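**Q** The lines below spell out each chain.
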Amino acid sequence: MTARARMADAMDVDSAAASAPRVQINLSTRDPTLSVPLQSLRVPTNLKRYGLSTLVNHLLETPKPIPFDFLVDGQYLRTSIDEYLTQAGLSSEKPLDVEYVRSQLPPTYIGSFEQDDWISSIHISSSSASPSILTGSFNGSAQITSLSGDILARTVPMHTQSVKAVTWVSHPSSTENREATFLTASLDRTINLWSYTPSSDPSSTTIPIAPRTSYISHKSTITSLSHSSSTSQFLSSSSDHTIALWSTNSSLLPTVPAPTSTSFTRKRRRTSKPPPTEKRGPLAVLSAHSAPVSQVIHAQDPTAAYSVSWDKSIITHDLVTAQVVDTRVTQHALLSIATLPSLNLIAAGSAARHITLHDPRVSSSTVQNAVFRGHTNAVVGLVKSPESDYVFASAGHDGCVRIWDVRSVSSASESVERSDKTGGSLFVIKRESGSGKVFGVDWSKDVGLVSVGEDKKIQINRGEGMTEVNVLEQS
Amino acid sequence: NIDPASLLPKLPSPDDLKPFPTTCATVYRGHEGRVRSVAADPTGVWVATGGDDGTVRVWEILTGRQVWKLKVSSDEAVDSVTWRPTPEGRILAAACGNEILLVVPPIFDSEEESRGKEILSAGFGYAANKQGTKEAPGTWAKPDSGLEEEGVVVVITVRKTVKYIAWHRRGDYLVTVSPEDVRRAVCIHRVSTHLSQTPFKEKSVTKGIPQKVQFHPSKPLLFVATKRYIRIYDLAKAELSKTLKPGARWISSIDIHPQGDNLIVGSYDKRLLWHDLDLSTKPYRTLRYHDKGIRAVSFHRGGFPLFCSSSDDGTVQVFHGRIYSDLMENALIVPLKVLKGHKIVSHLGVLDVEWHPKQPWLFSAGADGTARLWN
Ligand SMILES: [Mg+2]
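Protein chains in written order, with my numbering: chain A, 5 to 479; chain B, 154 to 528.
Just to be clear, a hint being listed does not mean it is correct.
What the hints assert, rightly or not - Distance ranges between label pairs, derived from CB positions:
no., chain 1, residue 1, chain 2, residue 2, range
1, A, Pro258, B, Arg323, 51 to 61 Å
2, B, Arg336, A, Val289, 46 to 56 Å
3, B, Glu392, A, Lys223, 36 to 46 Å
It should be emphasised that the hints constitute simulated quantities derived from the structure, not laboratory data. Computed from a predicted model, the values in this text were never measured in an experiment. Where a beta carbon is used, it is the ideal one built from N, C-alpha and C, also for glycine.
Excised from the complex, chain B in its bound form (with noise of 0.2 Å):
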């Protein structure tokens, strides 16, 4: 008569797994309307949004004071903002309906600002001479004065919205996707020759809209997230190489983790799922605490054994997950912190959420109108 609780194992005290975020430090006000997208620059100083009033902005982050606006529409949101992940260059990428804007945002030193401007334009004379391509499922073209002066150096035009951007880790690739674009969905942007391309040929491979994309962060695999299905391609071979099946009714978001081998799903059903890659096709856990959809999920790079999911019930809620270099051994995972703040606008919660890149501090985005720092 062995208490059959007594032989689970003990999960850690959240208090022996410090440090993660558990306080709003700083509220980033300006934005009018839902702020879509957050995204923390390489270095760490900078923080970026993108909202439904047609504007990116770049945020002091402990201070939370605007540094710089760009107004880039009208009447469309900026869905999708993105740091060129190396620290050189200082290039952020943002979706605002059918166009993809390369900016150097005007707040680094000349040199900084130079060599980012040298990288997005290198392109220009190599895109000249490969006219013809009337199939190209983007257009590379250089803004409009306006625009120019304000650091925006390439706009990309594709089809349809863009909904999602996804940088390559060595920036010279990224990744969009355009989920009314029945054929061409997904697109490979290259910005040292200024070429874009849709990555299969299959029509078989692109089955179901796509949500969202990235790359693996070490091999060449490109992960594509629809609404039930995440399918892994085989980049160098062009193929299909696994499909993994979370059981989701409708997936939001994804994130692979650094080390490449686990990947966290967000559901629209509120369900959180863990894959770990080398397991199964299916989840190795489900995480239910949302009372709402789930939006955006994200995995810490810089470091710490920390994830997050950000939901429509207006709250982010960390974890800590731990991997093992055993390969016998299963994942850690202790659910951590509640974050609460952001107020539900018409249903609307968490939209986005990112990590910092070296500190344990998060970066959330809300349709209340606010992005907030947690530390």
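Here chain A stands alone, though its shape is the one from the complex (with noise of 0.2 Å):
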């Protein structure tokens, strides 16, 4: 079939529209394996985004229908064509350019599990095989959470304050028998390293973790952690300014005193003898920001990392030579950052509400290249979609974790200071329980959109059309 024709047959599809009055569309997208062999074309005024999305599938030959949503000045077409032209006060008579993405489906509830306080950070396992979910509690403690929620392994008590960052370094696996490690953060100073071998049998009891190895380093809270498994080396974020470089081969680290116990733990103490750890020291201190670092993430190239501050701004390090390679700053307290790879993009979440994109290169010479707005209070969590390069999700102390896509900025938001709530969110996700802050969000393409709060629950939340995990299956 010619392209000519293929468009006729498109048109076909709605032939109520055969009088109604036309325009031009220029028709685009990014991903290469979508482009369609004819670009130009004139279609009805009335067609909206199901209309075009057949027009876009009938071009395309798919086998089985893909829904595309279509972008028009950095805004998703959300009325018909013909609307949206008397909205923005655009003639038909001009060409319309037109970007086409997959449609981001909506994320819905699909369960939550409660803990017993309220919950700072998660991070989920990305074995596929069996998903499970560590979260770290303002008790003190991290959990392990099966998707059907069961807890498979507890930490022991050995934080004096709340646990304020966690993260895999080998995942755990319940095919082979084989032992899985994590780390904790928290406002007492300092890390700990946990192991532990899942059991082969679901049904039994909650493993008590100790931990191996203590990370003494920080004068005050600790406030995130990142690991590389390709250097096996890991990042600290802390609000005593500084940065810290620690590897998880403890034969690279140096011995250090435990520290001097405060009157504080002395009485904590008293109740629960913590286990005995071996104590070490950083690789490297990294004191490039003058105020509390909010996170510290590693760069597509693990030699290099990202950080943001109450300072305001976004740092690039070079791990090797722990030297600042390039320092932007923004116009407010940043609390949390996400790398977009593909794009050379940063996302940072400021106290002021707002998501900035940043372009880190050292060659990039403007500070900021786009805001999003929507939420009401600090934006204090940021992750990659796991199956689009252009889209985010963010946690916010408003309550909602909101997802974003790159693509739908427009130009008019494009200014910090713009009061206007252009570039908005293309998803809301309140917490079921109705209230309270989320304090961290993680995403992976078996379990979904999971989110942690104040009130205490692990939310989950997944588009209808990803790959079918059975979670809540015992319920």
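Using the hints, build the complex out of the two chains.
**A** Below, the structure written as structure tokens:
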């Protein structure tokens, strides 16, 4: 079939549109696997998202239809083309640039698991055979929860204050009888390494886990952890303004004395004696920030890292030389960061309720590329979509997780100081419990979008079209 | 026929004066009864509160999580809490009844904790050599073992209930007000020597009931606000140097601009008054925006040209207040935002306000039992 005939065929899907006015559209996509042979065509102006999606599917000759969304001037088309033209004050005489993207499915509520205290942090294991969820609690413990809500393992009392960050080092696997390890970092200024062997018997009781190594450097609350399996190194950020670089191979780290106990730890220790651990110091301490460091993450190249701070800056560090590569100063205290590696972009969440995008490469001369508004309180967590290079989610102290599309930025929203709410999110996920701050979010292909917060709950949401796993199969 | 309004200088729009706080970001819940006082620690990571339930609490600023609580009294309120202004030592002063507690809250690392305890304990030996000063208005002592375990290092006992504490910028002196004590309402306490004294011998200078006190941010001056007047004492010469007459009926609160030449005064008669100390003993501006009496006023000390007032009308009002280096140019004052959220309970609203030391963020303490962060 020729392209022209295909187009005529496509037009037939909506024969009522035959007499409607038409507009020329120029179709484009950033996904090379989805490009169509004919990019410019005249369509009836009463077409909406569904009609345009059917049209693109016809042009692609897809065996199974792919739902598409359409971006015009950085905004999702939610009306007919005609209504859009009227609202934007445009004429149908002029061709319209239309970008099509795979539809991001609305994440529906799957379920939630309750713990006994506020939950600060979350990391989903990447093993798709038996995904499990590692969480850190304000009660000082960390817990591993299965997708059916069973508590598989829990740390013994070691941290004397809230756990603020958790990360898997080696992921658990139920098939091999292999040791899994993870790290916890706390308001009590210490980091601990824990290991355990997941039970092959799913009905067995919760495994108590003892720590192996304690990492001592920070003088104040530890705010985040980032682990790189390719270098076997990890990073921690702290309210003491520093970032510390560590290795999971203890023999590479200096031995340090245990910190002198404070009156608080002495009091706590009277009720529970902590197990002994080896105490290790850092490989390097990076002191480039001048205020609490909120988060540090490895770059795509794990010999580099990015950090954000209340001092408003985003700093790129070279971890080999422990030198600063680049500093970008924004307008507000920054609380969270994520990379969008294929786009060479960084997303940063601020105390001033918005998310900004930055190109961290030294060659980039702009401080900021775009701004996203919608949260009504601090943005404390960011995570890239496991399925789209352009989509990410954010956790807010306003009690919401929001999903954003980098492509959905209209020119009107590029100024930081504009008060209008353009460049909004695709979806808003509220707490099913109805209230409380969200403190952490993670997103995996197998489990979905998982968030934790003040409501003591692990809340799971998932797009309908995503890979099925048996979440909550037992209930 | 020129419109006279066109000759007035145009005030800038609040949009051009960002950043300033606009919304409530965190609610600190836990106090039973009114929260009387709120104080941000000099590093900007913690906030302390004191309240009618006789407790002092420390909170994690952004999450709103309480990290420490000390029950000081079962029948008296903690009326004032304030951190030693230097980042070294991490000392919190709290007033409860006729006692002033100097505490190192057990949330810091061991080095900081022991440094704070050292600073507070150094005077024990010194005071022992000074026995026999019966006239001293305050006695310094170790707390009982229960309080000591919680981090209290020193308790200063004075004769009457302490309503307000303020530190000197270097952290060696603090000044307290006990309005019920006719002769010794204002006391100065020196941490390094564990000695308390009344600053002035003359009776006439303490005329009127003192409400609030504050040290000048750089000069050896002490500001004492009574119901009607603010008296500025020269501590080096031990004499009264100036009396300000704000024209208010009952002053509740004062704060001195970090550069030292301007002062704001809050009054129970709803007025907020700005004094330029170089201009006159009368206020330069009178601001009437609150519906009920003003309880507290505060200047930002971390580089933002901001100040605020809190009131029994339940609101905090935020202003831009820019001072020019050109002495001929008067301060620019622009109302920016009314912050609403605290509930009025038994006719009481927002009892205290304080700015974050570095960020354009504000803390408030309410009669509704909550403290709040605004950003
Ligand atoms: Mg205060």
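**Q** Could you run down the list of hints and mark each one as holding or not?
**A** Status of the hints after comparison with the structure:
no., hint, verdict
1, A:Pro258 to B:Arg323: 51 to 61 Å, "violated (37 Å)"
2, B:Arg336 to A:Val289: 46 to 56 Å, "holds (55 Å)"
3, B:Glu392 to A:Lys223: 36 to 46 Å, "holds (45 Å)"
Going through the hint list in order, the structure does not satisfy hint 1, though it satisfies all others.
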